[in-house]
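The task is to assemble the complex, starting from two chains supplied on their own in separate frames and drawing on the hints.
The listed protein sequences derive, respectively, from chains A and B. Each residue of the first sequence is one higher than the one before, starting from 1 at the first, in the numbering used here. Each residue of the second sequence is one higher than the one before, starting from 1 at the first, in the numbering used here.
There could be a bad hint or two in this list.
Only pairs whose alpha carbons sit at most 30 Å apart, straight line, appear in this in silico DSSO-like list of lysine-lysine [to be verified]:
1. B:K260 / B:K633
2. A:K9 / A:K212
3. B:K281 / B:K293
4. A:K9 / B:K260
5. B:K217 / B:K334
6. A:K111 / A:K165
7. A:K223 / B:K112
8. A:K144 / A:K165
9. B:K293 / B:K334
10. B:K334 / B:K260
11. B:K295 / B:K112
12. B:K295 / B:K334
13. B:K295 / B:K633
14. B:K369 / A:K144
15. B:K358 / A:K212
16. B:K260 / B:K281
17. A:K223 / B:K358
18. B:K628 / A:K223
19. A:K212 / A:K223
20. A:K144 / B:K633
21. B:K628 / B:K293
22. B:K633 / B:K293
23. B:K369 / B:K217
24. A:K165 / A:K212
25. A:K144 / A:K212
26. B:K369 / A:K212
27. B:K358 / A:K144
28. B:K281 / B:K358
29. B:K358 / B:K112
30. B:K217 / A:K9
31. A:K111 / A:K223
32. B:K112 / B:K260
33. B:K334 / B:K112
34. A:K9 / B:K369
35. B:K260 / A:K144
These are calculated hints, taken from the structure and not from any lab test. In this text the structure is predicted, and so the values were computed from the model without any measurement.
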Amino acid sequence: MSGYEARFKVWRGDADGGGLEDFRVEVNDGEVVLDIIHRLQATQAPDLAVRWNCKAGKCGSCSAEINGRPRLMCMTRMSVFDREETVTVTPLRTFPVIRDLVTDVGFNYAKAREIPAFVPPAGLGPGEYRMMQEDVDRSQEFRKCIECFLCQDTCHVVRDHEENKTAFAGPRFLMRIAELDMHPLDAAAEAGLDRKSTAQDDHGLGYCNITKCCTEVCPEGIKITDNALIPLKERAVDRKYDPLVWLGSKIRRRSP
Amino acid sequence: MAAVERQQWDVVVVGAGGAGLRAAIEARERGARTAVICKSLFGKAHTVMAEGGIAAAMANANPHDTWQVHFRDTMRGGKFLNQWRMAELHAQEAPDRVWELETWGALFDRTKDGRISQRNFGGHEYPRLAHVGDRTGLELIRTLQQKIVALQQEDHRETGDYESRLKVFQECTVTRILKDGDRVGGVFGYVRESGRFFVLEAPAVVIATGGIGKSFKVTSNSWEYTGDGHALALLAGAPLLNMEFVQFHPTGMVWPPSVKGILVTESVRGDGGVLRNSDGKRFMFDYIPDVFKEKYAETEEEADRWYDDPDDNRRPPELLPRDEVARAINSEVKEGRGSPHGGVFLDVSTRMPAEVIKRRLPSMYHQFKELADVDITAEPMEVGPTCHYVMGGIAVDSDTAAARGVPGLFAAGEVAGGMHGSNRLGGNSLSDLLVFGRRAGGYAAEYAAAATRVPVAEEQVDSAAAEALRPFSAEGLEPDAGPPENPYTLHQELQQTMNDLVGIIRRAPEMERALEKLAELRTRARRAGVEGHRQFNPGWHLALDLRNMLLVSECVARAALERTESRGGHTREDFPSMDRAWRSVNLLCRLTDPTGGLAATDPVRGQIDLVRETTEPIRPDLLALFEKEELVKYLADEELYE
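Okay, chain B solo, but in the shape it has when bound (with noise of 0.2 Å):
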């Protein structure tokens, strides 16, 4: 096999939306020299597409805001199980996240004395959430990707090279973390444009890759979203953590088919949005859950007055946390009493004037006049719940966002799992990318400073590019297996199994045969074959990614058929109620064969062996948070009284 082309840096950062550039800039202004490598473009990443805003108690809106408020929140929307040291920690700094922002060049919009607004969003108690209108995702994007520019200017003045410190590597993906032993060595990848082979040596690698939607048919995620870095972790040796837990976003396009399951953002809601079903009913005061009833309106008079007194009345049931509004959307339309196209109606014609709609909204407005030909201003959207985010993933260390079991592997943002338990609140992604990405980038940056640069052996990577040639030779492999697959098609089932038989609502028989679905798939996509050659060729760069969605796939549908619960995101038909036993149970997934070797496997068995962990007791000080009635319905009785 040809040489490889080679290159040493200190960190590298594998992806480029919110997570992985903060990590970046960490990494280099700690002194790291520093790589980027993303799939897409730079600053095409899928951050781009979070609407609401970014969560941060700075108080602007509300002086009574602070972190411990914000801190209680999202372990009540995670319901309880986050890591709560992860809580803690993104409650604190997420404030100064934001405002560092500002001094990069973001632009928020204003509070009337000229401070940051924050804005009402599902789960926070207080208007919380930092934004730019309905696009504050893209805002986040170009500010990171802007302050990179600005330290490759810095670098270019003192070096006379823009690349010199940070570089980015764009449209590359990578296939393979290198390793030596226990310990990272780098990792492989190819050139999406020219299909050429890279290594890239380094002592410290972050994975900020995002989420798996795209293992599932109706998502508000990009291509981009193939659990890549889920994949490299497993593969690398490290474990996943609680992957039941997938968010379906309660709102996304229903209609027409080719928009479905595109994102409607929560803010919606958040400005006074309501829900009503065929009836013209709001159908949310119905679904109210025993553990919130003291904190939701219980009448549409109560919950309309809330928008202007906030403290003498409790906020509408629309804002629940977004597993409460899907699973009632779902039942609703399940008996009968959902819109033409199957959704709900979700409506703010009716309750602001047009001008404030196409002002607060506006790529709503822009985005239903241009795709379904509906004017929000007049008439109601319809909407239904869409894979959006995935909770579980990549095993970390709360402070250091490194890797377990893997020295130099760290990870952050949506790849990362923990901090949302087993459900994120809307707004709680943006200001996790920046308080952990900011956190892996400085911790990558100190074990590179420190660490030794181990040897990347050649066989290492020549499996790794023979792995990645395979699809160009599916033909000749294994000739009586049968004809070549179109990973097309292999995607298409992939999507239609995970989309029915492990989506919003579970069933044990449905999971199991999901499993042996994926066995199936996992054997024919190892016949995967593409036409044409190695420069941009699509159906090469899906049949690799294949391998990632199958494993990530697995890792969902076998943690869920494990947990014999419903929490967050994790809702089994056949045991629809939260049980306190599990609170203290996080499941974790590791590769069978350890030596990272992907057979064709015994469907059964599978690839992924499923291990359960008490978590960490949570720290009384933050314990005494709450109230003693509350934590009776999330904690065993011998976690209370301890």
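Extracted from the complex, chain A is given alone in its bound form (with noise of 0.2 Å):
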């Protein structure tokens, strides 16, 4: 397979404005989308503003909307569209725009730092600690995550919401709750903290309808929406109605 001419519209701009820009770019065989930004870079616009870094899937900075789709641009090959069509990139929409393709997102990193860490156990030092493979696959899945933040981004609650943003943690820190509820060794029980109820009052598992969208677009194929997000609210609800649940969390609380 030769190369060829292809038509490229790419959002250049900045927090004032922008709009689309025309481009026809060479293509070559097996390349990705992030080779097209690059070719654009150095033969036509040198100052395209875009974020990348491995080019192989595994750090999540080059996200963006590929004809509309929250994509990652290192992962999305040529050959998926017909070469007629015209590729449209975009920033992504859920963030304030920097400049191009570039956004702030601030917003995950301000999220990142409300979810309570890691709370080790009591009483077991380095090199003591004791798990089987069984019991963390679950919170290993999670762990895959790659902070591309298209799930955040694609998530309705906040794309065209931004007064939900506030109390809305979005689905990847959602999914960072469900990843420390079901560490087998996590404490945060035993020190006072019910990380379901967190996930429910302080992060907005609430407005979470399980449209499954965060699900779809995830470059990793982490089931979130099934593995993380309704588990995490079965048992946030749980907490909630059952009064054994809450008798005991009262009982337990006082203990030292």
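Listed below in structure tokens is the structure:
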């Protein structure tokens, strides 16, 4: 298969506004969208702003919307498009634009800080942790997350609802709570922290109505909705309405 | 020039990969107010690309493993050129550094009895690599990132401010270390997003910027690997050590062209994958060098038995150290026995069931499926050597990670030299980051606590700012010299030059040509011009990075020309064997102009001076860990009989 000339539309601009700019650019066998963006930089638009790092789907830097769909540019093969098709690349819509394809993803770093960290179990020193593979499998799935923030971008709770951003941590960070909650040795409960109820009360789990958009865009194939959010919802609901659990939590909190 | 914003910190860490983050955690825990500066977003550093695992003699998989065995493997892998004290500290402390990660929330793969699982890797006598599938680097970086957040949460509870004691300045680039006399006073840099300049004043600076791979065309390294820390240290007056040693990882992807160089983890071979040429032959049996003859299997049958019975069989030659395997692949391809796209075949599909491959090597499965339309559970991969790691780096004190000759400057991780000698074993990088990141952070904090702050003169800040702004006025500077140069074109020419002329197999005339070409590029780079403005402008960023890549490339080429032997990651076609007389020789690179200025220099003389130095003799109790017969292969006679 030989090279051809493709039509691209790339959003260019900054916080004050901008628009789609047309390009015609060479495409070769096996290339991905990020290769084409790099070719534009090297030959036509040296100041075209784009984030990228590993170019192998491992770091989650080159997130953008390609023909309206949130994707990693480094993992989107040009061969998925028809040669006649115009490929449109725009920045992530949920986050404020800095310049061209680069957005301010600070929202995610702020949310990360609000999730209470892993609580190491008392009385177990380094090297003394024992966990079975089947018990770490669930949390390990969530730790495959490369923090590309595509799930955060696509989630309709915040995508067109700026006003929900304060109350809602987004799928990535609700999944982080699930990960810690399912960690076999996390001692949050012993320290008086109920992760399930914080997910519900502090991080907006209730906003999620399990449309699975996050799962669909995840480049790591993590089943965010089925394996993290739904179980977390079930456990949070159990807590909330089960009087015995409620009573137990009150009693346990009193113990030293 | 407008005033540049200044802030005061105790310790500034440049780089936020494994070494930088571990250094920052340590410095903060020792009470130093610590700033971390990184070119990318927090958590995206090149460490995420590490796949195989963290080498540490925890003896979970084989009870015979000890730090002494790990030390021996590391010295053999580095062909005894390692700074032995670093190799010793590394082997001793690695297990504690891994276990510590678990207390911060890391979730490694487990053994049947619930401990951390350990896998086989090239050059390691026992299964030694703690891992999470083939995404260990991601687990490491995320764990350190989350530990930093945990410390910030602690600070928030006490002070009401997450960033009162530990702050990450993300998407910022440092272009100069600022000094007063000999001593470090801080750093000068720019915010990528806005182009705004800033100064962080601090008595101690830890450089943890990683490697130099972006000076080569075929590389597994990301855009960040432009040798910034190496260049910053040189410009600050610190020497670089043994820069000729560059590791070409044997297995990078070779097709399609756009992914050429992307890493294929050594775990593929550690878990049973084999290398074959176009005749279907497992060619590695033909490439076992004399120094390793007793340790590797001679037949396929013995090699295959080793996976289940390692005590009674020798290891397969696919698991030789990386330099050996890379050279072997290079030879097979050169002799016409390569694969269709110029590599060799790496096959797991005939070695284990599809579901095992998908479980143990998930990202390799994904990577080949998505990027090359290859199903590795059904067909072999095509692989070839790719520039992966630089063993050379800033010359440091083994115990404290302090850079030589510049009080207040420290270095850890890939940017520091010495630990791996002439060749690094797989898995020893992540452990290196943790062991020496922690040491650098600790000693930097200690130094900062005792040091008085030195003033940073306004003129230094002004000249750093002028240097950084130069690409915007390229046309006006030397109107007679020619039109402005495109930084992307210069970068491509540099990569081609290093790849072709100072690559995996080296010859004197080619390296001489490389030095001439580098001189030409250096002159042209002074005219590198950029369009647009300072806000998130990749053309400008690249124009500034070129200075660093050119400096580092000159170091590699000069040192490689000087060392007339082949050892580890330095292979000379004109001097094909290892020479024991070179074992005790270190090559140090220093800036020719000690004031740190970079004038348009004489092409022949260049910007770098080389100095030979004799290594410190290996401590007798460490030498006693080896058999005499083995030492004879490496050490010069006078070293043996001292």
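The hints, checked one at a time:
Under the criterion of a C-alpha separation no larger than 30 Å, the hint pairing K260 of chain B with K633 of chain B is inconsistent with the structure, at around 37 Å. Distance check on the hinted pair: K9 of chain A and K212 of chain A sit about 29 Å apart at the alpha-carbon level, within 30 Å; holds. With a C-alpha separation of about 20 Å, the suggested pairing of K281 of chain B with K293 of chain B holds against the 30 Å cut-off. For the suggested pair K9 of chain A and K260 of chain B, the alpha carbons sit about 27 Å apart, so the restraint of at most 30 Å is met.
Pair hint K217 of chain B plus K334 of chain B holds up; C-alpha atoms about 19 Å apart against a cutoff of 30 Å. At most 30 Å may separate the alpha-carbon atoms for a hinted pair to count; K111 of chain A and K165 of chain A meet this at roughly 9 Å. A hinted pair counts as satisfied when its Cα atoms are at most 30 Å apart, and K223 of chain A with K112 of chain B qualifies at roughly 26 Å. For a cut-off of 30 Å, the pair hint linking K144 of chain A to K165 of chain A stands: about 24 Å separates their Cα positions.
Restraint check: the Cα-Cα separation between K293 of chain B and K334 of chain B comes to about 24 Å, which is no more than 30 Å; the hinted pair holds. The hinted pair formed by K334 of chain B and K260 of chain B meets the criterion: a straight-line CA distance of about 18 Å does not exceed 30 Å. Taking the CA atoms of K295 of chain B and K112 of chain B, the gap is about 28 Å. The hint holds against a cut of 30 Å. A distance of roughly 27 Å separates the Cα atoms of K295 of chain B and K334 of chain B; the hinted pair therefore holds under the 30 Å criterion.
About 15 Å separates the Cα atoms of K295 of chain B and K633 of chain B, which keeps this hinted pair within 30 Å; it holds. Distance check on the hinted pair: K369 of chain B and K144 of chain A sit about 18 Å apart at the alpha-carbon level, within 30 Å; holds. Proposed proximity of K358 of chain B and K212 of chain A is supported: the alpha carbons are some 24 Å apart, at most 30 Å. As the CA atoms of K260 of chain B and K281 of chain B are separated by approximately 24 Å, the hinted pair is consistent with the 30 Å bound.
Proximity of K223 of chain A to K358 of chain B is assessed by CA-CA distance (about 17 Å); at most 30 Å being required, the pair is judged to hold. Under the criterion of a C-alpha separation no larger than 30 Å, the hint pairing K628 of chain B with K223 of chain A is inconsistent with the structure, at around 57 Å. Distance hint between K212 of chain A and K223 of chain A is fulfilled; the C-alpha atoms sit about 9 Å from each other, no more than 30 Å. Taken as a hint, the K144 of chain A and K633 of chain B pair is broken in the structure, with Cα atoms around 45 Å apart against an allowance of 30 Å.
Taken as a hint, the K628 of chain B and K293 of chain B pair is honoured in the structure, with Cα atoms around 16 Å apart against an allowance of 30 Å. Only pairs whose Cα atoms come within 30 Å are accepted, and K633 of chain B paired with K293 of chain B is accepted, the gap being roughly 12 Å. In summary, the hint linking K369 of chain B to K217 of chain B is supported, as the alpha carbons are separated by about 24 Å, within the 30 Å threshold. In summary, the hint linking K165 of chain A to K212 of chain A is supported, as the alpha carbons are separated by about 19 Å, within the 30 Å threshold.
Distance hint between K144 of chain A and K212 of chain A is fulfilled; the C-alpha atoms sit about 18 Å from each other, no more than 30 Å. Annotation: proposed proximity of K369 of chain B to K212 of chain A holds, straight-line Cα distance about 24 Å (limit 30 Å). For the suggested pair K358 of chain B and K144 of chain A, the alpha carbons sit about 14 Å apart, so the restraint of at most 30 Å is met. This hinted pair checks out: K281 of chain B and K358 of chain B have alpha carbons roughly 25 Å apart, not beyond 30 Å.
Taken as a hint, the K358 of chain B and K112 of chain B pair is honoured in the structure, with Cα atoms around 20 Å apart against an allowance of 30 Å. With a C-alpha separation of about 29 Å, the suggested pairing of K217 of chain B with K9 of chain A holds against the 30 Å cut-off. At roughly 21 Å between alpha-carbon atoms, K111 of chain A and K223 of chain A fall within 30 Å of each other, so this suggested pair holds. Distance hint between K112 of chain B and K260 of chain B is unfulfilled; the C-alpha atoms sit about 38 Å from each other, more than 30 Å.
Of the supplied pair hints, the one linking K334 of chain B and K112 of chain B is violated, its CA atoms being roughly 45 Å apart against a limit of 30 Å. The hinted pair formed by K9 of chain A and K369 of chain B meets the criterion: a straight-line CA distance of about 28 Å does not exceed 30 Å. Distance hint between K260 of chain B and K144 of chain A is fulfilled; the C-alpha atoms sit about 24 Å from each other, no more than 30 Å.
Figure legend: structure checked against the earlier numbered hints; hints not met, in rising order: 1, 18, 20, 32 and 33.
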